[in-house]
Amino acid sequence: MGKTLYQKVWDAHTVGTLSDGRTQLFIGTHLIHEVTSPQAFGMLRELGLKVKYPKRTFATIDHIVPTENQDQPADPLAAEMIDAIRSNCDDFDVTYFDLKSGKQGIVHVVGPEQGITQPGSTIACGDSHTATHGAFGAIAFGIGTTQVRDVLATQTMAMESLKVRRIEVTGKLRPGVYAKDLTLHIIRLLGAKGGIGYAYEYAGDTFDNFTMEERMTVCNMAIEGGARCGYVNPDETTFEFLKGRPYSPTGAAWDEAIARWKSFASDADAEFDDIIKINAEDIEPTVTWGISPDHGISISEDIPDSATTEDVEEKAVIDEALAYMELPAGTPIKGIPIDVAFIGSCTNGRLSDFRETAKFLKGKKVAAGIKAIAVPGSQITAIQCEKEGIDKVFSEAGFEWRAAGCSMCLAMNPDKLIGNQICASSSNRNFKGRQGSPIGRTVLMSPVMVAAAAVEGKIADAREVFDVA
Amino acid sequence: MAIAPITHVSGPAVPIPGADIDTDRIIPARFMKCVTFDGLGEYAFYDVRFDPVSGEKTDHPLNDERFKDATILVAGINFGCGSSREHAPQSLAKYGFKGIVAESFAEIFYGNSTTLGLPCVTSSKANIDALKEATAADPTLEVKIDLEAMTVTAGNLSFAVEMPAPARHALLSGKYDPIKELLDNKDQIEATAASLAYVD
Ligand code: SF4
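The listed protein sequences derive, respectively, from chains B and H. Those letters in the first sequence? Residues 9 to 477, by this note's numbering. Those letters in the second sequence? Residues -18 to 181, by this note's numbering.
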């Protein structure tokens, strides 16, 4: 019987079994950023330990970097954190993509961009959206700070094995429907806890035909569906993307790498713990109405009404979410006024996102009174957008064009919602207070839908606003 | 690097209402601007303990004087979902919590807590509700999480709890912080590294 990619990668990276029964797993690639690493380096120092394989850890800064003026954090705590990662990387000989390197950005954008993210590898990062890298056929997951310490000190960590659920999507997404809508749709279908204990294998011809960026958008939100990691089997699209990247193998090593990478793909007769089938054509532009990523509805649906359900728990969930969101139950989500529009984050802050959105935004204007910001996921993304004139399209439309960082995805930097502002956001989390104001409200959607909301000043169907046939 | 085994934890408990308490709620992101975990305790549940607009204390149980000595936290379903930030269990541990009883936990939070020696056990909704009721009625009630018997007892209330075997074993044997064992397997680590083409 065949094996899944997950099993093959797991087996190849198993160091041994620990006394508690967990696996000691080798982490081939370790990514770090300024928020979850300083404490780990601190623990290392306390224990008198060194970084075991300094070449296998890569660092950048993203969460707290101001996007208006990258190198001048007004906040002394932010400055202290940036200094800490700089000196930690210096002291322990770790590669660090600093602001001046021209390669800084959101860690999950930088890894793929540099060719650090590779098929058949294990990747860990002290950040829950590490699953993004699974788009390349890597097993990639978020870890806590103590585990960051473990990986620094030993290049391994203790982990329990996961089950594998194959999510098979067939057909073509309809015009105006994007990978973001698919990922929101999957989470709505399986629930925010549906993936607990699982790795998600995303497969089917929809994924075969997806670009790497689209695959990353879906894998990025595996964790919002409860899955520790998500992946797509590597194929020609993967190899094409990686070719010629700074850390990609070259020459004879490239050919060897391709053969090796291919061998990691799930076998045709691999067995899965569960299989789910989805038809891509059934999906409409999807937005969230509540405070959990599985609170999704299509743009043509009404906001749920707790009066229509008998289930006491479901009632409570709807009531709590709507009380927080201050949204009217049972009325169309389309037409709800917004205050802020945010395009960026590790879900949708890549070149393709800005290119696609710019196509529609050209010649349009952001509605009066709406604060709209566009934040490239990396310095390289920013430069490329600027080369293509995409930044102009955004700024002429009334978006503020910013520098690379996590920005308003989580608001550990100056970009924050104020009061109960409601934000159309291309990010991945709509938890209470996520975007910086404890009563701020987030509505998740695709970048093109954010642009439509910005132009209309309210939640809108991008297909109507931009005449998408 | 010897660590003492954890066979049980006990103390007064505080019931936290609601399901899906995410890590942003346990410790809002703005308090993660820190280079050590010390001092995180005072920010646990900050945005639900203080009214975001007026800054006044809310009626959150952690503001309730009667629960000020609580060391056991009782919660609902999917506690600790959301971000992988270890700041969340760290802030609870620094606040003074020694154990958590809930209907279920999010996976990363669960793992992070175990590694800190903060046992997280689960039981049915009926049992959890009964425990919440009992502790609300008597905040001084001593709640004991017994990892050997796998029970929670509080006054006349006693019920079975669950915890994945590896985590339980790790706590009972004092190996919940795996660093020593990981380091000990140096030769196997190096052999694995040598077998992986992309690791140089
Ligand atoms: S963009 Fe958002 S989700 Fe992604 S790494 Fe930054 S804060 Fe986390």
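Honestly, the hints are just simulated from the structure, not real lab data. There's no promise every hint is true.
Okay, the calculated beta carbon distance ranges per label pair [said to hold, decoys possible]:
1) B/Lys400 to H/Lys167: 53 to 59 Å
2) B/Tyr332 to H/Asp50: 28 to 34 Å
3) H/Asp50 to B/Ile391: 19 to 25 Å
Everything numeric in this text was worked out from a predicted model, so none of it was measured. All C-beta atoms in this analysis are idealised placements derived from N, C-alpha and C, irrespective of residue type, glycine included.
Here is what the structure says about each hint:
1. Distance hint for B/Lys400 and H/Lys167: a CB-CB separation of about 55 Å, consistent with the stated range 53 to 59 Å.
2. Distance hint check: the CB atoms of B/Tyr332 and H/Asp50 are about 31 Å apart, consistent with the given range 28 to 34 Å.
3. Distance hint check: the CB atoms of H/Asp50 and B/Ile391 are about 56 Å apart, inconsistent with the given range 19 to 25 Å.
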